[in-house]
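These protein sequences, in sequence, are chains A and B.
Each residue of the first sequence is one higher than the one before, starting from 0 at the first, in numbering that gives the first Met the number 0.
Each residue of the second sequence is one higher than the one before, starting from 0 at the first, in numbering that gives the first Met the number 0.
Since the hints were derived computationally from the structure, they do not count as laboratory data.
A couple of the hints might just be wrong.
Stated by the list, open to error - Restricting the straight-line Cα-Cα distance to at most 25 Å, the calculated cross-link-like pairs of lysine-lysine (PhoX-like) are:
{"hint": "1", "chain 1": "B", "residue 1": "109", "chain 2": "A", "residue 2": "52"}
{"hint": "2", "chain 1": "B", "residue 1": "141", "chain 2": "B", "residue 2": "109"}
{"hint": "3", "chain 1": "A", "residue 1": "30", "chain 2": "B", "residue 2": "63"}
{"hint": "4", "chain 1": "A", "residue 1": "74", "chain 2": "B", "residue 2": "38"}
{"hint": "5", "chain 1": "A", "residue 1": "30", "chain 2": "B", "residue 2": "23"}
{"hint": "6", "chain 1": "B", "residue 1": "38", "chain 2": "B", "residue 2": "109"}
{"hint": "7", "chain 1": "B", "residue 1": "63", "chain 2": "A", "residue 2": "52"}
Stated by the list, open to error - Coverage of chain A stretches by chain B, computed from C-beta distances (three or more under 8 Å per stretch; other residues unrestricted):
{"hint": "8", "region": "74–83"}
{"hint": "9", "region": "121–133"}
{"hint": "10", "region": "165–174"}
{"hint": "11", "region": "186–195"}
Stated by the list, open to error - These stretches of chain A come out as covered by chain B in the derived footprint (C-beta under 8 Å, 3 or more residues):
{"hint": "12", "region": "25–33"}
{"hint": "13", "region": "104–111"}
{"hint": "14", "region": "141–152"}
Bear in mind the structure is a predicted one, so any value in this text is a computation, not a measurement.
For every residue, glycine included, the Cβ atom is placed at its ideal position computed from N, Cα and C.
Chain residues, written in single-letter form:
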Amino acid sequence: MAENFGQTPSQTVGPYFAYGLTPEQYGYPLKEIASGRLASEDAEGQRIRIEGKVYDGAGAAISDAMIEIWQADAKGRYAHPADPRGSNADFRGFGRFGTGTDPDNRFIFDTVKPGASGDGQAPHINVTVFMRGMLVHAFTRLYFSDEAAANAEDPVLSSVPADRRDTLIAQRQEGPGGVVYRFDIHMQGDAETVFFDA
Amino acid sequence: MTDPTGYTPRDWGSHPPYIYADYKSTPLRGPTRPLVPLKATLSELTGPVYGHETIGKLDADLTKNGAKNGEPLGERIIVTGRVMDERGRPVPNTLVEVWQANAAGRYIHKVDQHDAPLDPNFFGGGRCVTDSEGRYRFYTVKPGAYPWGNHPNAWRPNHIHFSLFGPSYLTRLVTQMYFPGDPLLALDPIFLGTPEKARDRLISKFSIDVTEPEFALGYVFDIVLRGATATPMES
Ligand SMILES: [Fe+2]
Numbered sequence: 000m001a002e003n004f005g006q007t008p009s010q011t012v013g014p015y016f017a018y019g020l021t022p023e024q025y026g027y028p029l030k031e032i033a034s035g036r037l038a039s040e041d042a043e044g045q046r047i048r049i050e051g052k053v054y055d056g057a058g059a060a061i062s063d064a065m066i067e068i069w070q071a072d073a074k075g076r077y078a079h080p081a082d083p084r085g086s087n088a089d090f091r092g093f094g095r096f097g098t099g100t101d102p103d104n105r106f107i108f109d110t111v112k113p114g115a116s117g118d119g120q121a122p123h124i125n126v127t128v129f130m131r132g133m134l135v136h137a138f139t140r141l142y143f144s145d146e147a148a149a150n151a152e153d154p155v156l157s158s159v160p161a162d163r164r165d166t167l168i169a170q171r172q173e174g175p176g177g178v179v180y181r182f183d184i185h186m187q188g189d190a191e192t193v194f195f196d197a
Numbered sequence: 000m001t002d003p004t005g006y007t008p009r010d011w012g013s014h015p016p017y018i019y020a021d022y023k024s025t026p027l028r029g030p031t032r033p034l035v036p037l038k039a040t041l042s043e044l045t046g047p048v049y050g051h052e053t054i055g056k057l058d059a060d061l062t063k064n065g066a067k068n069g070e071p072l073g074e075r076i077i078v079t080g081r082v083m084d085e086r087g088r089p090v091p092n093t094l095v096e097v098w099q100a101n102a103a104g105r106y107i108h109k110v111d112q113h114d115a116p117l118d119p120n121f122f123g124g125g126r127c128v129t130d131s132e133g134r135y136r137f138y139t140v141k142p143g144a145y146p147w148g149n150h151p152n153a154w155r156p157n158h159i160h161f162s163l164f165g166p167s168y169l170t171r172l173v174t175q176m177y178f179p180g181d182p183l184l185a186l187d188p189i190f191l192g193t194p195e196k197a198r199d200r201l202i203s204k205f206s207i208d209v210t211e212p213e214f215a216l217g218y219v220f221d222i223v224l225r226g227a228t229a230t231p232m233e234s
């Protein structure tokens, strides 16, 4: 067996990530690589907004978390070499948003609804949670409340204890501005979100 | 042993736990229930791709990218290293983002209330993309230590924050690089939250070879991401 190098340990993102990782969102003079806006005018698909808060174990909304999302385009294709189909040119599929700029400490993503990727999984978005007070990031997934049939067949969702699956389902609401899926993340408590060892 | 779907697992013997009582904001923020195992699918074997087109001209030079009317104060340093997988294979063309305090231990961040001076010529954020051998390189100034509210007289050791993607969603890593010989390391619950056997991996090494004569001291910090056990999607 070849020499093995140990994984570099994770450390917390800390309270001061904003000017490094989400600078434009927070008003710092550095171009950001990603934001809460994933879909350009030209991206194909149904426009949706995803919003939610991150709650700590005392039920308080956390104001210094950073959420990243990773998703397929409207046809279920990923903009990455491991997906031979590629994505449409106007959709990269990655978003990043800190909870410190919204007065209610929400994260807000304007994107397109991902399609099913054709491998038996329901449409979903991968979600990563970082914050001060977490030495390691947490992986979770977002599914859609209006995809009940596909969700019922989804192998990952099915691997989650039935009484906790709801924590992964974003609730569809239709508002004046369009379709909003509400996805709150509970770090602890009775409604603790399911996090994955991915 | 090869798992055709992908990557070695997160090695929980190398990473800190979610809840580490000495770091006082962890007990209310870390998940408390066991993680649910997830076998990687296409969603995890893919991930955001940011290449050289992402990088502005001064992005990797923190001594210049925040300069207004002069050079930042402090000890000029070079931070470089290789990004690799667990078998030492380079991770090329991957984004490396960094942020840090200035030489006085002050962050430009609006909520940093530490009573130390801001430096009008130092911003503290930067990024670069690794080359074909997985190498990255930054110019910056050595960040100062700063106090924090974790416990009485708590001080963070000098450190630079790092954020990396690697080749897939699974290889994401956010970490901190420390400096050799820092006496604050032995007192820092963020560093000490790391399993003992893995702590050294967070400490950069001084290198006279990287040091540029009459210009800047050199530090080497290699970063090891989770490795692919086989080519993703080839099964
Ligand atoms: Fe820091």
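A quick look at each hint next to the structure:
no.	hint	verdict
1	B:109 with A:52	22 Å, holds
2	B:141 with B:109	21 Å, holds
3	A:30 with B:63	15 Å, holds
4	A:74 with B:38	23 Å, holds
5	A:30 with B:23	33 Å, violated
6	B:38 with B:109	40 Å, violated
7	B:63 with A:52	37 Å, violated
8	74–83	holds (count 7)
9	121–133	holds (count 8)
10	165–174	violated (count 0)
11	186–195	holds (count 7)
12	25–33	holds (count 7)
13	104–111	violated (count 0)
14	141–152	violated (count 0)
Hints 5, 6, 7, 10, 13 and 14 from the earlier list are contradicted by this structure; the remaining hints agree with it.
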